[in-house]
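Undergrad: If you're matching them up, the sequences are chains D and F in order. Here the first sequence is numbered in our numbering, starting from 3 and rising by one per residue. Here the second sequence is numbered in our numbering, starting from 113 and rising by one per residue.
FYI, nobody ran anything at the bench for these hints, they're computed from the structure. Being a predicted model, the structure only gives us computed values, none of them experimental. Where a beta carbon is used, it is the ideal one built from N, C-alpha and C, also for glycine. Watch out, some of these pointers could steer you wrong.
Unchecked claim - Pairwise CB distance ranges (calculated):
hint	chain 1	residue 1	chain 2	residue 2	range
1	D	385	F	157	51 to 57 Å
2	F	157	D	461	31 to 37 Å
3	D	27	F	157	32 to 38 Å
4	F	157	D	323	48 to 54 Å
Stated by the list, open to error - Using 25 Å as the maximum straight-line C-alpha spacing, the simulated SDA-like pairs for lysine to any residue come out as follows:
hint	chain 1	residue 1	chain 2	residue 2
5	D	387	F	181
6	D	208	D	180
7	D	387	F	165
Given next are the chains, with one letter for each unit.
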Amino acid sequence: MTGYTRDPTQVGFFAPMRFEADIGDCEVIGRIPSDLNGAFVRVGGEWLYPPKFPDDAVLNMDGYVSSFRFRNGGVSFKGRWIKTHRYLQQVAAQKQLYGYYRNPFTDDESVRDPKRPNLRTVSNTAPIAHGGKLFTLKEDGLPHQIDPSTLDTIGPYDFNGAWKSETFTAHPKIDPVSGEMVAFGYEATGLATDDVFIYTMDKTGKVTREVRIKQPYVSVIHDMALTQKHILLPFGGYVTSMDRLKAGKVHWGWDSTKPSMIGVLPRDGDAKDIRWFKGPERCMMHTFNAHTDGNKIILHAPFYDSNFFPFFPPIDGSPWDRTKARAFVRRITLDLKSKSDQWKEEILFPFPVGDLGRVDTRFMTLANRYGYTGYADATKPFDTKRAGNAAGRVTNCYGRFDFTSGKLDTYFAGDTHSLQECCFIPRGKNAEEGDGYLIGVASNYAEMRSELVIADAQRLAEGDIARVILPFRLSSQVHGIWVDSSEVAFT
Amino acid sequence: MSWSRREFLCSIPLAGGALVVGTPLIARLALNGGPVLSLHLDQPYLDPTGTAEPYRPPPGMRSADVLAGMSDIELSRYYGFI
């Protein structure tokens, strides 16, 4: 196998890892809270083989799942490739067979199949646990069921044939009150189709409801939000078409003339009940949470001003504008009583943040106070002698953003570290909102290794409670979740 | 430092013995003005004169250096989630 060294950026901390790993009892600095019994499950990507096109999207990397399993005050680590159809095809061929992100027309002839694009999924975006099962997700294919103990891939899952969409979102939402999961698939009937199928599953994972809608224009619906009464589908800016795909381009381009949109569907409604609100140019990737308050819906989300992804270029040929690729903590108010199709937007904190926003999931669908995400604080030190010159490109802090008071509490990872997405773990089922732990993986650029940091979420400024030290680097996580031992059967 | 052919040939048995016997003996030899053996990244470095400074690896791996040379587009393309 050759090819990685052609790319001068695949070096240093970011060189491909490519191996699977097990550590039975990890080195720990500090003390692991004894009340943590479960696993921090992460999903991200690695290039199994170098990409076919050097300008391909990082989102096209092969899926990799890893877990930090906590029990009895100790931690074990496990990392596995997600054995998708695509992964198995490539292993058999011993080379990269797949072309651009979500464009099967650019694939090797041996696997090219534009009528079944979901066979190309790398399942590299997010995990979810529901109905006693663990899944990895990517929005261009079906969920892949994963054994929570071994991380072995069991295979694609269609909810016993009840899931009819060809795709499944990377961000379904679980209602903590009913235990239901609400999920959707866009481009549900094939490439560049405007069909969106929305499903509700009961707490056992059985599909109980289906609604099929049409999207105003085909675009990324990456995330959603759920309240006790409504389903929210935000999207904006990204466009695609069969002509674009047949021309051999990456799946999405950016059209700044397209409005951002939020679809609002009552949870007990039908397709005719969906209402589309329109807003200004926005890149709407991730949400914190939403709730319904009378005739209003309040959505908190770290949306970008405009296109975040340079590998999805503007369709008018203009250059990607990094100054607009900034996310802010926003509050969006949708007035269901108003005849206007506009929403009200407020920026709650006047500085850019990472858009991988998280909340205490026990308060999903409900009014909640705190959101968590990473951000860069340029006033914090960085040791370039030991870690190298990162040119300020580090996410060195986690923030607890108080939506109510505007107060920010900060965790600083250290002067040689950069942080990946965080995750909140409640101290117990009955703890008040925010009482628990904030965890996440930090890249230690001085020691060339990854560390799982664990902080008291109510005392972030005090730093770590504990760090789990890995003797190697972890590849980039996209999303991770805490899976409590009561949610799945760990062995 | 330049070596004559004679000096080089004389050092071979000493170097071989040093690698076999191991670090404790080498340390004693060093105290006596003998050769100094250092190990870095599992590779031996032998100073048969005993006059060289022991090799000290750099204090950090500087593994973020690649970031400074990248454009914003390259950064987002390759490391969108660092």
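Undergrad: Flag every earlier hint the structure violates by its number, smallest first.
TA: When the structure is compared with the hints, numbers 1, 2 turn out to be violated.
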